[in-house]
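Assemble the whole structure, with the sequences as input and the hints as a guide.
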Amino acid sequence: MTKPVLYDFFATWCGPCRIQSPIIDALAEKIGDKVDVKKVDVDQFPDLSNKYQISVVPTLIIEKDGKIIHRLEGVTDAARLEALLIPLY
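8 is the number of the first residue of the sequence shown in the working numbering; add one for each residue after it.
Take these hints with a grain of salt, some might be off.
Stated by the list, open to error - Straight line, CA to CA, 27 angstroms or less: simulated BS3-like cross-link-like pairs of lysine-lysine:
1) K37 to K74
2) K71 to K10
3) K41 to K71
4) K71 to K46
5) K10 to K37
6) K45 to K10
7) K46 to K74
Derived from the structure by calculation, the hints contain no laboratory data.
Next comes the structure, spelled out in C-alpha cells:
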C-alpha cells in the first residue's frame with residue numbers, strides 16, 4: 008500500500024489560499040512522512056488542475072492508491088484534515 012497524498016490546489020492571488028497554506032504547512036510538519044503533501048499552483052500546472060477538475064481554490068484532494076478519497080473545497084481546518092488522513096496511514 009502506498010501512503011496517502013494530499014494535494015493542495017491553490018493560486019497566489021487567492022485570499023482563502025493564503026489562509027489555507029499555513030494550515031497545510033503545519034499539518035505536513037506534524038504528520039511527517041506519513042502523507043505526501045503536494046502544493047499545486049493552478050496557474051503554473053493547468054494540466055494537473057484540469058485532470059482533477061479544479062474550479063475552486065483552495066481545493067484539497069486526498070488520494071490513496073490512485074483513488075480520490077476526499078475532495079474539499081474552501082478553507083479546511085487542521086483538525087478536520089488530520090481526522091480524514093489518520094485512518095489512511
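Right, here's what the structure says about each hint:
no.	hint	verdict
1	K37 to K74	24 angstroms, holds
2	K71 to K10	7 angstroms, holds
3	K41 to K71	12 angstroms, holds
4	K71 to K46	16 angstroms, holds
5	K10 to K37	16 angstroms, holds
6	K45 to K10	13 angstroms, holds
7	K46 to K74	18 angstroms, holds
Every hint, counting from the list given before, is met by this structure.
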